[in-house]
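Asker: Residue strings, one per chain:
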Amino acid sequence: MRQMSILTDVTKCIGCEECVKACKETNKTGEDQPWRWQRKIDDLSATRWTTILPRPDRHYVRKQCRHCLEPACASVCPVGAMHKTPEGPVVYNSKICMGCRYCMMACPYGIPRYTWADAVPYVRKCIMCYDKISSGELEQPACTKACPKEATIYGEREELIRLAHGRIEENPDLYIPKVFGEHEVGGTSVLYLSDIDLGFLGWKEDLGDEPLPMKTWVVLNKVPGIFVGVGVTMFGLYWIIDRRMRLQEEALEKKSASTDAQHDPETGTDKVEAKK
Amino acid sequence: MIRVRFVKGILWFLVGLAAAVTIFRFLKGLGTVTALTDTTPWGLWIGFDVLGGVALAAGGFVIAATVYIFHLKKYEPILRPAVLTACLGYAAVVGGLMFDIGIPWNIWRPMFFWQEHSALFEVAWCVMLYFTVLQLEFLPVILEKFKHPLSQTAYKILKFFTLPLVILGIMLSTLHQSSLGTLFLIMPHRLHPLWYSPIIPLHFFVSAIGLGLTMVITESLVSSWIYKKHLEKDLLSGLAKAAAIVLWAYAAIKVADLAATGKLHYLFAGTWESNLFLFELLISAILPAALFSSAKARQSTGGLAAGAGLAVFGFVLNRIAVSGLATISATQTDYFPSWTEFAISIGIVSAAGLAFFFLVENFYVYDEPRAEKRDKYEIVSPDPVGGIRLHWSSLADARLYSLLFVVALALGIALMPNIVTGVTPERIEVEKARRVDAFRSKSDASPLYLYALYNPDEHDNPEAGEVAEMLLIDGDRNNKFVLFDHGTHEKNNGGPESCGMCHHMNKPLDKATSCYECHTDMFLTTDTFQHEYHREKLKEQGGCVKCHKDPAEPKTRETATACGECHKNMRVPNSFVKVEEADQTGIAPGYMNVMHKLCIECHKQKQEEKVELAPDLARCAACHQGLDESMLMVVEPYPQPQSMSLLTQR
Ligand code: SF4
Ligand code: SF4
Ligand code: SF4
Numbered sequence: 001m002r003q004m005s006i007l008t009d010v011t012k013c014i015g016c017e018e019c020v021k022a023c024k025e026t027n028k029t030g031e032d033q034p035w036r037w038q039r040k041i042d043d044l045s046a047t048r049w050t051t052i053l054p055r056p057d058r059h060y061v062r063k064q065c066r067h068c069l070e071p072a073c074a075s076v077c078p079v080g081a082m083h084k085t086p087e088g089p090v091v092y093n094s095k096i097c098m099g100c101r102y103c104m105m106a107c108p109y110g111i112p113r114y115t116w117a118d119a120v121p122y123v124r125k126c127i128m129c130y131d132k133i134s135s136g137e138l139e140q141p142a143c144t145k146a147c148p149k150e151a152t153i154y155g156e157r158e159e160l161i162r163l164a165h166g167r168i169e170e171n172p173d174l175y176i177p178k179v180f181g182e183h184e185v186g187g188t189s190v191l192y193l194s195d196i197d198l199g200f201l202g203w204k205e206d207l208g209d210e211p212l213p214m215k216t217w218v219v220l221n222k223v224p225g226i227f228v229g230v231g232v233t234m235f236g237l238y239w240i241i242d243r244r245m246r247l248q249e250e251a252l253e254k255k256s257a258s259t260d261a262q263h264d265p266e267t268g269t270d271k272v273e274a275k276k
Numbered sequence: 001m002i003r004v005r006f007v008k009g010i011l012w013f014l015v016g017l018a019a020a021v022t023i024f025r026f027l028k029g030l031g032t033v034t035a036l037t038d039t040t041p042w043g044l045w046i047g048f049d050v051l052g053g054v055a056l057a058a059g060g061f062v063i064a065a066t067v068y069i070f071h072l073k074k075y076e077p078i079l080r081p082a083v084l085t086a087c088l089g090y091a092a093v094v095g096g097l098m099f100d101i102g103i104p105w106n107i108w109r110p111m112f113f114w115q116e117h118s119a120l121f122e123v124a125w126c127v128m129l130y131f132t133v134l135q136l137e138f139l140p141v142i143l144e145k146f147k148h149p150l151s152q153t154a155y156k157i158l159k160f161f162t163l164p165l166v167i168l169g170i171m172l173s174t175l176h177q178s179s180l181g182t183l184f185l186i187m188p189h190r191l192h193p194l195w196y197s198p199i200i201p202l203h204f205f206v207s208a209i210g211l212g213l214t215m216v217i218t219e220s221l222v223s224s225w226i227y228k229k230h231l232e233k234d235l236l237s238g239l240a241k242a243a244a245i246v247l248w249a250y251a252a253i254k255v256a257d258l259a260a261t262g263k264l265h266y267l268f269a270g271t272w273e274s275n276l277f278l279f280e281l282l283i284s285a286i287l288p289a290a291l292f293s294s295a296k297a298r299q300s301t302g303g304l305a306a307g308a309g310l311a312v313f314g315f316v317l318n319r320i321a322v323s324g325l326a327t328i329s330a331t332q333t334d335y336f337p338s339w340t341e342f343a344i345s346i347g348i349v350s351a352a353g354l355a356f357f358f359l360v361e362n363f364y365v366y367d368e369p370r371a372e373k374r375d376k377y378e379i380v381s382p383d384p385v386g387g388i389r390l391h392w393s394s395l396a397d398a399r400l401y402s403l404l405f406v407v408a409l410a411l412g413i414a415l416m417p418n419i420v421t422g423v424t425p426e427r428i429e430v431e432k433a434r435r436v437d438a439f440r441s442k443s444d445a446s447p448l449y450l451y452a453l454y455n456p457d458e459h460d461n462p463e464a465g466e467v468a469e470m471l472l473i474d475g476d477r478n479n480k481f482v483l484f485d486h487g488t489h490e491k492n493n494g495g496p497e498s499c500g501m502c503h504h505m506n507k508p509l510d511k512a513t514s515c516y517e518c519h520t521d522m523f524l525t526t527d528t529f530q531h532e533y534h535r536e537k538l539k540e541q542g543g544c545v546k547c548h549k550d551p552a553e554p555k556t557r558e559t560a561t562a563c564g565e566c567h568k569n570m571r572v573p574n575s576f577v578k579v580e581e582a583d584q585t586g587i588a589p590g591y592m593n594v595m596h597k598l599c600i601e602c603h604k605q606k607q608e609e610k611v612e613l614a615p616d617l618a619r620c621a622a623c624h625q626g627l628d629e630s631m632l633m634v635v636e637p638y639p640q641p642q643s644m645s646l647l648t649q650r
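These protein sequence lines map, in sequence, to chains B and D. Per the numbering used here, numbering through the first sequence is continuous, rising by one, with the last residue being 276. Per the numbering used here, numbering through the second sequence is continuous, rising by one, with the last residue being 650.
Errors might be hidden in some of the hints.
Simulated restraints on C-beta separations [stated by the list, open to error]:
id	chain 1	residue 1	chain 2	residue 2	range
1	B	158	D	415	20 to 28 Å
2	B	210	D	3	54 to 62 Å
3	B	170	D	105	29 to 37 Å
4	B	196	D	334	42 to 50 Å
5	D	153	B	204	57 to 65 Å
6	D	256	B	233	18 to 26 Å
7	D	562	B	86	35 to 43 Å
8	B	250	D	245	27 to 35 Å
9	D	567	B	2	30 to 38 Å
10	B	54	D	533	45 to 53 Å
Simulated from the structure, these hints should not be mistaken for laboratory data. Source: prediction; values computed, not measured. Every residue, glycine too, gets a C-beta built ideally from N, C-alpha and C.
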C-alpha cells in the first residue's frame with residue numbers, strides 16, 4: 001500500500017501561517033482561545049492542529065501530527081478509536097473514544113489535544129485531511145495546498161524520501177544530512193528537511209529508532225503465558241501443600257490414638273470448604 | 001461509640017463535598033473541575049484513585065493466597081476484611097475511572113473492541129474480571145445472612161468454587177498489578193530515567209505485594225481503633241515479617257535494576273527527582289523493612305503502625321510519582337490538583353469507608369459465625385466483635401449524617417469555580433494596550449499619516465506635526481506592538497458615535513474588535529491596487545465583469561476576483577512580512593514597512609526581468625509619485641525601525 005506523506009522543508013518556510021489558516025478553515029476547528037491548559041496560545045490546541053513554531057534566525061518549523069508508521073497513540077488506544085489507516089494517516093473516531101487520554105500520554109511528540117472545555121470532550125489532532133481526501137473533496141491536505149512556498153508538500157512516502165535525499169545532495173552545505181522522520185520511532189509519515197536540529201519537536205531530544213509500541217508488546221505478548229503460569233503454579237502449590245499437610249495429619253492421627261479433629265486449630269475451621 | 005459516629009460524620013461530610021463536585025464534573029466537563037492540561041492529561045485521579053487504589057487493594061489476593069494456597073489458616077480471621085477492602089478498593093477504582101475518563105458511558109467498549117496491543121485494554125479487562133471475582137469471593141458473607149433457600153443454594157455454590165475463584169483472583173491480580181506498570185512502558189520519553197525501566201511491571205507487582213501486606217496491617221489497626229476491638233497482634237506481626245522480606249526484595253530489585261541499566265549516577269545527582277526517588281524508596285521500602293525486621297517493633301502497636309503507615313504512604317507516592325511527578329522534567333509543565341480533584345478522590349475513599357462500616361456492622365466480616373455456633377441468621381446490630389450496640393439505624397444519627405452531607409453539598413456548590421459558565425479561558429498575561437503620544441503629520445505626497453515619536457524638545461517645532469494619542473496594541477501577545485492611531489480611527493469612522501464599531505460587539509471574550517475584522521485584506525495588497533489602471537487595461541476583455549463576475553453581487557473588493565487568480569505567482573520569494581525573532585524592536589512593522597516588504601521584492605525581480613520595458617520599476621518613484629529626483633534610486637529592503645526607546649520608556 002502506498003503510504004502518503006508530507007515533507008516539510010524548514011529552510012523554505014517563511015512562517016506565513018497560511019497552512020494554519022487553511023487547516024482551520026478546512027477542518028472547521030473553531031477559534032483559538034487562551035485556555036489555561038495550553039502552554040501558549042499559538043501552540044497546538046484542540047482548535048489548532050498545525051502551528052508554526054518560530055525558532056531563532058528566521059526559522060519557522062511547522063508542528064503537526066507525525067503520522068508515525070507505528071503510532072504509539074493508536075497502539076495504546078484500548079478501543080481502537082485512534083487508528084492507523086492503510087493509506088498512512090493516523091485518524092480518530094470520536095464515536096468510540098472513551099476519553100482515557102492514554103493516547104495523549106503515549107505520543108512522543110505530545111500531539112493529541114483535548115477539548116477540555118466541553119462536557120463531552122474529544123481528542124483532536126491533525127488527521128492528514130483523511131476524510132476529505134478519501135471522499136475526493138480534496139486532492140491533497142489543505143495545508144500543503146495552501147503553502148505559497150511549497151515548503152510543505154504532499155506525496156508518496158518513498159518518493160518524498162528520495163526527493164529529500166536529493167535536496168540534501170544538491171545542497172549539502174545547507175541541510176543537516178538527515179531526513180527527520182525517516183527512522184525515528186520506526187519512521188513517521190510527516191518528514192522534515194532542516195538546517196537546524198528538530199529535537200525540540202519531541203518530548204526528548206533523541207527518541208530512538210525503535211517503534212514505541214514494541215516496548216509494550218514485549219511484555220504484553222507474555223501475558224497469556226504469565227496468566228496460565230500463575231494459575232498452574234498456584235494450583236500446584238496448593239496441591240503440594242495440601243497433600244503434605246494431609247500426610248502430616250494422618251501421621252499425627254496414627255501416632256496419637258486420640259481422634260480429636262479439633263485438635264489442630266490451624267486447619268480445623270476451613271477443612272470443609274478448602275478440600276471440596 | 002462516639003468514635004464511630006465521629007468518623008462517620010466526617011466521611012459523610014466529605015462525600016457531600018464530592019457530590020457537589022460530581023454534579024459539575026458531569027455538567028460542565030473536566031476542564032471546569034480539574035487542573036489537567038494538554039501536556040499533563042493524567043492527574044490525581046489516575047495517580048491516586050486508579051493506580052493507588054488498585055495497589056491498596058492488593059491485600060485481597062495476598063491474604064487469599066496466604067490462607068488458601070499456603071494453608072496458613074491462622075490468617076483466616078483477617079481474610080474477610082482483606083477481601084472486603086480489596087472489593088471496595090476496586091469499586092473505588094471503577095468510581096475514579098468514571099470521573100476521569102472523558103466519556104464514561106463508553107467505558108464498556110474495551111469489551112467489544114479488542115485491542116490486545118494496548119496495556120490499558122489489559123488493565124480494563126483485569127479490573128472488570130477481578131472486580132467480579134472479588135464480589136463473588138465476598139458474596140457468601142452476604143448470602144449466609146439470608147434464610148431464603150435461593151440464597152442458601154447460591155452460598156453453597158460459591159463456597160464450592162472458593163478455590164478456583166481464589167486462584168483466578170491471584171492470576172488476575174498478578175496481571176493487573178503489573179499491567180499498571182506496563183502502562184508506562186511506552187513512555188520512556190516522559191518518565192524520568194529513575195522511574196522508567198523495562199521491568200517496571202515487576203516493580204509494580206512486587207510493590208503491590210508489599211503494599212497489600214502493609215495495607216492489611218493498617219486496616220486492622222484502624223478498625224480496631226475505631227471499634228475498640230481486640231487487635232490480632234500476633235497475626236499482624238506475622239504479616240509484618242513477610243512484609244519485611246518483600247520490601248527488602250523490592251528495594252533490592254529497584255537498586256539492582258538501576259545498576260544494571262547504568263542509571264546509578266542519577267541517584268545522587270542532587271536534582272529534585274533524585275531526592276524524590278530516594279525519599280520514596282526510603283519511606284516505602286527501606287524504613288518499614290528495617291522496622292519490620294526487628295521483632296520488637298513488630299510486636300508493638302506503634303511499630304506496626306509506623307511501618308505500615310510509611311509503606312502505604314510511600315507506595316501511593318510512588319504511583320503518583322510514576323503517573324505524574326516523574327514526567328515534569330520532560331514536559332516542563334507543572335500541575336497541581338485542584339481542590340475539586342482532591343474532593344473527588346477523598347470523597348470516593350470516604351464512600352468506600354462508609355460502605356465498609358455498613359458491611360462490617362451488618363454482616364459477619366470479622367468472624368466466622370459457623371465456628372461460634374451462633375444463630376447465623378440473626379440480623380445483628382451489635383458489632384459481632386466488640387459486642388457493642390451500634391446505632392446505624394438510629395434516627396438521630398441519620399439526621400446528623402444527612403445534615404452534614406447537605407451542608408457539605410451546599411458548601412461544595414458555593415465553592416465551585418465557574419459555577420454557571422463552566423470553564424473560561426485564562427487570561428494569558430498580556431501587556432494591555434499602552435497609551436503613548438506621537439507626532440502626526442501628513443505629507444502632501446501621500447494620503448497616509450507619518451508618525452514620529454513624541455519628543456518634548458520638539459514640542460514647539462511646527463514641522464513635527466500635531467501631537468496624537470496613540471495606543472500600542474499587542475494583539476497576539478508576542479510582545480510586539482502595533483502603533484494604533486486611536487484619534488484618527490475615531491475621526492474617520494464618524495466621531496464619538498463610532499465607538500461601537502470596534503468596542504462592545506458582544507463577541508465572546510472580545511474587548512475590542514481585532515484590526516482584521518475591518519481591514520479584511522490587511523495581508524494582501526490593498527491601496528496599491530490601481531482600479532483605474534485595471535479598468536483601462538481590461539476594457540477590451542470585458543471591463544468590469546472581468547473581475548466583478550457576478551452581476552448580482554455588490555461591486556466591492558470582497559466579491560471581486562482575487563488578484564492572484566490572474567497574476568499567478570504574485571507573491572515572490574521573501575515578499576512576506578514576518579517580524580523576525582532576531583531583530584525584535586518591540587514594535588510590529590508599520591503599514592509603510594509592510595507595504596514596502598510586500599511590494600519591493602517583486603518590483604526588484606520584475607525590474608531584472610524587463611529592464612527595457614520598465615526601467616523605473618524598482619525605484620521609489622514608481623509608487624511614490626512626485627518624489628524628489630534625488631530619491632530616484634534603486635530601493636533596498638526597508639530598514640528595520642531603530643530602537644524605539646522613547647516608546648518603551650513611557
Ligand atoms: S505523532 Fe503522536 S499523535 Fe501523531 S501518529 Fe505519532 S504518536 Fe500518534
Ligand atoms: S482518549 Fe480516546 S482515542 Fe485516546 S486512547 Fe483513550 S479511547 Fe483511544
Ligand atoms: S493535513 Fe489536514 S488536518 Fe493535518 S494539518 Fe494539514 S490541513 Fe490540518
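Asker: Hints broken by the structure, by number, lowest first?
Answerer: Hint check: 1, 3, 4, 10 fail, others pass.
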